Amino acid sequence: MRPVLSIVTLLRSPIKTFLSLLLLVAVSFAFVGRGAEYAATSGEINRAESSNYRTVGYIRATTKQLFSALDGYFGDGFSNQNSSYSDGVPRESVPITPEAVELAAGSRYIDTVDLRRVSGGTNESLRAVTEQPVRHFLLGDISAARAWGTPGLTTSFAEVTCVEKDENRMKLYIDKVIVGDPAQFAEGNSIVVQNDHGKYVDEYFGGAEPGGRYFAAIARTDTGYIFNTYVPDVFAAISEGGEYALSPETEYSVRTLQTNLHSFDVVYTSSMDTMDKVRTGLMYAAEGTLIDGGSSGDVCVISADMAEVNGLAVGDTVELTLTPGTYESAGRVYGRASAYPTGTGMGVPGRNEMAEPDVAPVTKTFEIVGIWSDSDYDLENPLTYSLNTVFVPYEAYPWQDGVEPEYCPSTFGFSLKSPEDIDAFRAEVESEINELGYELVIRDGGYEQAKSSFDSMKQSALIGFIAMSAALLLALLLTTYLFVIRKKYDYAIMRALGTPVPRANASLLVGLFALALAAVLLGTALAVAATSGFAADLSAQIGEVTGGEVAATLPGWTFGAFGAGTLALLLAFAWAGLVRIGRIPPLRLLQGK
Amino acid sequence: MAALTLENVTYTYRNSPRPAVADVSCEFEAGTLYAVIGPSGSGKSTLLSMLAGLDLPTSGDVLLGTEPIRSLDLDRYRRESVSMIFQAFQLFPLLTVTENVCYPMELVGKKPGEAVPRAKELLSEVGITEEEMRRFPANLSGGQQQRVAIARALASGAKIMLADEPTGNLDVENTVLVMEILKRLASEQGYCVIVVTHDSEVADAADVVFRMTDGRLTRVR
Numbered sequence: 034m035r036p037v038l039s040i041v042t043l044l045r046s047p048i049k050t051f052l053s054l055l056l057l058v059a060v061s062f063a064f065v066g067r068g069a070e071y072a073a074t075s076g077e078i079n080r081a082e083s084s085n086y087r088t089v090g091y092i093r094a095t096t097k098q099l100f101s102a103l104d105g106y107f108g109d110g111f112s113n114q115n116s117s118y119s120d121g122v123p124r125e126s127v128p129i130t131p132e133a134v135e136l137a138a139g140s141r142y143i144d145t146v147d148l149r150r151v152s153g154g155t156n157e158s159l160r161a162v163t164e165q166p167v168r169h170f171l172l173g174d175i176s177a178a179r180a181w182g183t184p185g186l187t188t189s190f191a192e193v194t195c196v197e198k199d200e201n202r203m204k205l206y207i208d209k210v211i212v213g214d215p216a217q218f219a220e221g222n223s224i225v226v227q228n229d230h231g232k233y234v235d236e237y238f239g240g241a242e243p244g245g246r247y248f249a250a251i252a253r254t255d256t257g258y259i260f261n262t263y264v265p266d267v268f269a270a271i272s273e274g275g276e277y278a279l280s281p282e283t284e285y286s287v288r289t290l291q292t293n294l295h296s297f298d299v300v301y302t303s304s305m306d307t308m309d310k311v312r313t314g315l316m317y318a319a320e321g322t323l324i325d326g327g328s329s330g331d332v333c334v335i336s337a338d339m340a341e342v343n344g345l346a347v348g349d350t351v352e353l354t355l356t357p358g359t360y361e362s363a364g365r366v367y368g369r370a371s372a373y374p375t376g377t378g379m380g381v382p383g384r385n386e387m388a389e390p391d392v393a394p395v396t397k398t399f400e401i402v403g404i405w406s407d408s409d410y411d412l413e414n415p416l417t418y419s420l421n422t423v424f425v426p427y428e429a430y431p432w433q434d435g436v437e438p439e440y441c442p443s444t445f446g447f448s449l450k451s452p453e454d455i456d457a458f459r460a461e462v463e464s465e466i467n468e469l470g471y472e473l474v475i476r477d478g479g480y481e482q483a484k485s486s487f488d489s490m491k492q493s494a495l496i497g498f499i500a501m502s503a504a505l506l507l508a509l510l511l512t513t514y515l516f517v518i519r520k521k522y523d524y525a526i527m528r529a530l531g532t533p534v535p536r537a538n539a540s541l542l543v544g545l546f547a548l549a550l551a552a553v554l555l556g557t558a559l560a561v562a563a564t565s566g567f568a569a570d571l572s573a574q575i576g577e578v579t580g581g582e583v584a585a586t587l588p589g590w591t592f593g594a595f596g597a598g599t600l601a602l603l604l605a606f607a608w609a610g611l612v613r614i615g616r617i618p619p620l621r622l623l624q625g626k
Numbered sequence: 017m018a019a020l021t022l023e024n025v026t027y028t029y030r031n032s033p034r035p036a037v038a039d040v041s042c043e044f045e046a047g048t049l050y051a052v053i054g055p056s057g058s059g060k061s062t063l064l065s066m067l068a069g070l071d072l073p074t075s076g077d078v079l080l081g082t083e084p085i086r087s088l089d090l091d092r093y094r095r096e097s098v099s100m101i102f103q104a105f106q107l108f109p110l111l112t113v114t115e116n117v118c119y120p121m122e123l124v125g126k127k128p129g130e131a132v133p134r135a136k137e138l139l140s141e142v143g144i145t146e147e148e149m150r151r152f153p154a155n156l157s158g159g160q161q162q163r164v165a166i167a168r169a170l171a172s173g174a175k176i177m178l179a180d181e182p183t184g185n186l187d188v189e190n191t192v193l194v195m196e197i198l199k200r201l202a203s204e205q206g207y208c209v210i211v212v213t214h215d216s217e218v219a220d221a222a223d224v225v226f227r228m229t230d231g232r233l234t235r236v237r
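Residue numbers (the working numbering), protein chains in the order written: chain L, 34 to 626; chain Z, 17 to 237.
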């Protein structure tokens, strides 16, 4: 049957039709516009939150550990003679149990987990970077009896010729550098050593003769060169035949430094994204990429300093002999360089004992895919990695079985799916982690401060949307009511003449649909035009909160969705109204009941 | 076999203390003009509504032939078996006269190309001019509207015609005209025509007359 009645009657009552159209256009415009704005606000804020406030965290000991607890790492004989270490080791370096790791990693709010492993890596052709202040023994001051020395003194061992001397200074010619920083001690150069230990004048200055050859342990300070008096054979004479004897302690020191010079910390990671400094952008890829979820194979990322010292670049390869053994390097988040395995000729007595002698070293060649840099490099910050750290993919760890992993904050990190999950995550795992003797450290990049601004923006948009939704609801109900009332007479006649209920309903709804469609299309078009500047305003607002540039958009589909929703709601109300009167017998309809 | 039969039909309006139609039984034959007379409020129109299937009796049955309409598709019954001329005409106000008469034909599936000529034919038969066919009902007199209503009732082709006060708004001339049409339908075309009226002169034209009093029907002639 032709839907003559509904369309025709709409057209033949233009004023009523126009007024209905006007009302519907107005509410469509308001609802669709506010709806799109709310959807955009909510969506863009969520996007800004997830991209600007990536939440990462780790677990650390709740109390500082006594330094002596780590004596076992260093073997017999090591003891701390330096007061600066007596206040204990930073909590970030204290190992944490697998139980605590699993507790955190098993949470449903976790996005990524990075269980990092560490090992040492050595290569006699590569040179490690000098780092100050030194706790990692690399050209550091080494005292007798293998005690910790004074940090900050870069020591080199060299065969020198005394050129001239007086009470306060001695000029030395560098014949041969045994182990040292070529930037500070170059063969063929002369240096002037100051006497800043007056009471030791006779000890080495007095014994030196111009023209004589000596083994010297020389330290570089900010003011110049001095003899490192912590080394027993700080200035040992070399015979005419080129022979000289060093005490065991000195020899140990030499070997240690030689080992340090070619030792690197290898950190095996599935993604560097969960590292705190990477999250904040302080640590970044100066060239190439960092290790992330897409990294695979034998690739590595080295520091910019290590690349410069060794003349390396992205695309080059480095060969490392990997050992799971570790030695002293407490106080840092980085991994620990290995001791050379016994039998390699470079073994350091005592230090080798700390390695795992039953585990065979593995030599691997890694391709450099990235150069990392730390703009906040500070070794006093326990979250800082040594410049001698080489990051490789987790799968590159050679001993997947049989070697018990040790976790510490430097080797375990996680990220949450959303900063909004922080409270829920804490509620889920924190009390149990505390009971294990650890605390949860979560960094949200300033989300807490931004959240209130974002919540305010969302709330404002929501209030506008709710208000318009309420207005729309009222308008639709009114329109539907008036429509049904107006059509009730026609409907009664149709039913009295034998028109089945579904056909009678459809006949009337066609007209309403046409009217509503026109209204929604027009209202939506007006809404699109009216919100043309909204995206820019939203970008500015969000950017003000995040401190960065934001490019917000109003997705076109939201207009369509809200417009379609308006149409559907109107038709649903009308249908419900018609169904209701469809149940009334035609007799009562004709009687106006 | 009677065209329509009422068996102990009773109808009580909601919230009404007494029935508008009380236990009415009678038969209506084809080819006969029936008149149901009675004062206002006696239940005449309600009785006609029962026959028209506009609602079902509270008790009792209306039979189409031998079939209770309660068991039929009432929409189809109203569409194909009976046609009704309403007291207040009940024309669609925003459809033209022609469109109003076409409506029941389109309801049974006739195409506009077939319905429109037939509508015009029926309208001509009841004395509506071509110009009047293009008007809206509000632009016609009461008598003209009543004749349009008759034409619409004829359009469905149903052989049972029910007329509720078909001459209530008409002058003498139109009253005679309408009654002639109805009488011809019954006598010449075999329609069963049932007219509800309070006009005794209209009843005089009928073959059978019933009187409705307080919901009860009695045959007068």
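Fair warning: there could be bad hints in the mix.
[What the hints assert, rightly or not] Pair ranges (Cβ atoms, derived):
{"no.": "1", "chain 1": "L", "residue 1": "V612", "chain 2": "Z", "residue 2": "Q205", "range": "48 to 54 Å"}
{"no.": "2", "chain 1": "L", "residue 1": "G598", "chain 2": "Z", "residue 2": "G129", "range": "39 to 45 Å"}
{"no.": "3", "chain 1": "Z", "residue 1": "A46", "chain 2": "L", "residue 2": "L507", "range": "52 to 58 Å"}
{"no.": "4", "chain 1": "L", "residue 1": "T586", "chain 2": "Z", "residue 2": "G129", "range": "49 to 55 Å"}
In case anyone wonders, no lab produced these hints; they're calculated from the structure.
If you're wondering where the values come from, they're calculated on a predicted model, not measured in any experiment.
Think of the CB as a built atom: it goes at the ideal place given N, C-alpha and C, for glycine as much as any other residue.
Outcome of the hint check:
1. Separated by about 39 Å at the C-beta atoms, L:V612 and Z:Q205 break the suggested range of 48 to 54 Å.
2. Distance hint for L:G598 and Z:G129: a CB-CB separation of about 41 Å, consistent with the stated range 39 to 45 Å.
3. For Z:A46 and L:L507, the hinted distance range of 52 to 58 Å is satisfied, since their beta carbons lie about 55 Å from each other.
4. At roughly 54 Å, the beta-carbon separation of L:T586 and Z:G129 lies within the given 49 to 55 Å, and the hint holds.
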